[in-house]
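There are 2 protein chains.
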Amino acid sequence: MDELKQLSAQMLSALDEEMRAVLKMGERTDSFYRMLHYHMGWVDADFAPVTIYSGKRIRPLLIMLTCHAAGGDWRQAVPAAAAVEMLHNFSLIHDDIEDHGDKRRGRLTLWKIWGMEQAINSGDALFALSHLAMNRLMERGVGAETAVTALRRFDETCVALTNGQYHDMDFETRNTVSVTEYVAMITGKTAVLLSHSAELGGMIAGANAETIAHYANFGLNLGLAFQIQDDILGIWGNEALTGKSAATDISTKKKTLPVLYGLSQSKPLQTLYQSAVDDAFVGRAIEFLDEVEARQRAERETAVYSQKAIAHLTAAAPTGDGKTALFDLTNTLLTRQK
Amino acid sequence: MDELKQLSAQMLSALDEEMRAVLKMGERTDSFYRMLHYHMGWVDADFAPVTIYSGKRIRPLLIMLTCHAAGGDWRQAVPAAAAVEMLHNFSLIHDDIEDHGDKRRGRLTLWKIWGMEQAINSGDALFALSHLAMNRLMERGVGAETAVTALRRFDETCVALTNGQYHDMDFETRNTVSVTEYVAMITGKTAVLLSHSAELGGMIAGANAETIAHYANFGLNLGLAFQIQDDILGIWGNEALTGKSAATDISTKKKTLPVLYGLSQSKPLQTLYQSAVDDAFVGRAIEFLDEVEARQRAERETAVYSQKAIAHLTAAAPTGDGKTALFDLTNTLLTRQK
Chain A
-9 MDELKQLSAQ MLSALDEEMR AVLKMGERTD SFYRMLHYHM GWVDADFAPV
41 TIYSGKRIRP LLIMLTCHAA GGDWRQAVPA AAAVEMLHNF SLIHDDIEDH
91 GDKRRGRLTL WKIWGMEQAI NSGDALFALS HLAMNRLMER GVGAETAVTA
141 LRRFDETCVA LTNGQYHDMD FETRNTVSVT EYVAMITGKT AVLLSHSAEL
191 GGMIAGANAE TIAHYANFGL NLGLAFQIQD DILGIWGNEA LTGKSAATDI
241 STKKKTLPVL YGLSQSKPLQ TLYQSAVDDA FVGRAIEFLD EVEARQRAER
291 ETAVYSQKAI AHLTAAAPTG DGKTALFDLT NTLLTRQK
Chain B
-9 MDELKQLSAQ MLSALDEEMR AVLKMGERTD SFYRMLHYHM GWVDADFAPV
41 TIYSGKRIRP LLIMLTCHAA GGDWRQAVPA AAAVEMLHNF SLIHDDIEDH
91 GDKRRGRLTL WKIWGMEQAI NSGDALFALS HLAMNRLMER GVGAETAVTA
141 LRRFDETCVA LTNGQYHDMD FETRNTVSVT EYVAMITGKT AVLLSHSAEL
191 GGMIAGANAE TIAHYANFGL NLGLAFQIQD DILGIWGNEA LTGKSAATDI
241 STKKKTLPVL YGLSQSKPLQ TLYQSAVDDA FVGRAIEFLD EVEARQRAER
291 ETAVYSQKAI AHLTAAAPTG DGKTALFDLT NTLLTRQK
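One line per chain: the protein sequences are A and B, in this order.
In terms of the numbering used here, the first sequence is numbered consecutively and its last residue is 328.
In terms of the numbering used here, the second sequence is numbered consecutively and its last residue is 328.
Derived from the structure by calculation, the hints contain no laboratory data.
There's no promise every hint is true.
Stated by the list, open to error - Result set (DSSO-like, lysine-lysine): computed pairs, CA atoms no more than 27 Å apart in a straight line: (1) B:Lys14 with A:Lys102; (2) A:Lys102 with B:Lys328; (3) A:Lys244 with B:Lys102; (4) A:Lys93 with A:Lys46; (5) A:Lys46 with A:Lys257.
To be verified - From the derived model, a few chain A residues whose C-beta atoms are all more than 12 Å from chain B: (6) Gln(-4); (7) Ser3; (8) Arg10; (9) Arg65; (10) Ile103; (11) Gly113; (12) Ser120; (13) Arg126; (14) Val132; (15) Gly154; (16) Ser168; (17) Gly178; (18) Ser241; (19) Gln264; (20) Arg290; (21) Ala301.
Stated by the list, open to error - Which residues of chain A face chain B? A few of them, derived with a C-beta cut under 7 Å, are: (22) Ala118; (23) Asp145; (24) Thr322.
Backbone N, C-alpha and C fix where the C-beta goes; we use that ideal spot for every residue, glycine too.
For reference, chain A alone in the conformation it holds in the complex (with noise of 0.2 Å):
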């Protein structure tokens, strides 16, 4: 692992550091600019400097490492590093007001604080702001058509991501969703943005297109199994670890993946599914989800696509310390427990 923590080390400081430069952090800028700052965890809701847990940065940390493995210089992957983190980033803004979410990292959401017009339009201005972040490749010397193609891609990006997001919401108001809607949409709402985190590094290191494709798919596929590998914990996973009750994802009746086996399976499922949520409600579900082996069921999902991953990591034939720092992240990843 220490290819990985090495290279992450310097790497995540290079992000940092250019997103604080694209977000005029320490400069003297106006509540405009200083509510991002909250929200990417520089600052409290007074604007004094803080020092908070940002999330995980997977997907920077797969676009410098990708274009490092596949031979270029990951300098000058920085600029889409931010500018993916900061759309990801935008995209939790609107997701927070848009889920009525009260918290995020611990912290109140944007729009708790400031309101929801603010906070929508806090999230546009971080949306440009992350396309801002992406135009400065030319900087470091990436070339002009590279650039407008990594634009059109992040884009095309983008577009997937409101799908995605489109059908979770839709599909809250629906009774039935099939897995192959399931999974086309957590395809739009996770693993298209990790599929193109892979892609880009290999743009910038100027691989070939058969490379890029296998990088982009396994990003795809890591992200497919990290959604579904994320619902199971939502269910099963040890709270101590994942610091978030089990009893959510169910008393919410989210639709996740084994939810959806299990009302595809279960008849006591699906009775108990149209019925209000009592004490007993989390207990009874996990005893019929048990019944239909729907946890079994959604490890071999992710175990299927985990495998997709891996397999087109190998034939993307990543080189140096920075196939063994993917190789890592990737197992790490997959094998999480929160």
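Using the hints provided, position chain B relative to the given structure of chain A.
Below, chain B without anything else, positioned relative to chain A:
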């Protein structure tokens, strides 16, 4: 006006075709795209095709006319025109949520029909799609470096737009706003996008930096004159022509330029604006505004910006029927009664 009419007809037809292609109108799509078709005025709330007045299209016209008048092929500018019109429409979707607006162009706003959550997400999708529209410049033979620069300026403009919207919402919570602050706000909310439009036309035509700067300043001053004129029409406009009650801007205590002048000059108006709105409110407010010649002062500002706009347009040295059309469009906008 023949040049303006003829060129407009061709250009707006090409614009419409381009936007429909980017937004997959006529293809088999789900509600994700169809909600956007509704907002664009192409279908009704049941997704049946309709023809609806879709706004003045000033911004895309400015782009294509400027490109043409600067010696370029305006058809190369169509992707940029589509991008800016789609960006403008994205901002309307989010503004309508932020301003709690029920109606837009005589129809229910997107969020009133499909809910705030889906409307935020639809706006985000249109924002991403507007970038994809711009990215099509290269398909029309525009060079990659020009395309990257266009995209950078496009996103810098988006940041300025959201900054203007931030200040507009912030002003509503404040008792005093200076005229300087107000002009800075409308620069962001209105003028930068007109400036960017005129600039894009020059850039795509391959004009030199000085000419592009003149076009940008032409658009900027035109935008400022346009917005202040809008403020004047919002109070003293002919209701029969503007289609909205003059009372609205006053009875909502909107901080427009004539009102800010009035508040800085008239003690009685200050006192009135601290009281609740009753039946006599609008009449008395206009009386106090007239006493300090708030309308005349605002009109003088409009005249100053108009003259600057004309001066920069002249200095940009446009040619041919594009020149005639640009001056006609400018005069039409600056002498409008609605």
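Hint compliance check: list the failing hint numbers for this structure, sorted ascending. Hints 1, 2, 5, 11, 12, 13, 14, 15, 17, 24 are the ones this structure does not satisfy, whereas the remaining hints hold.
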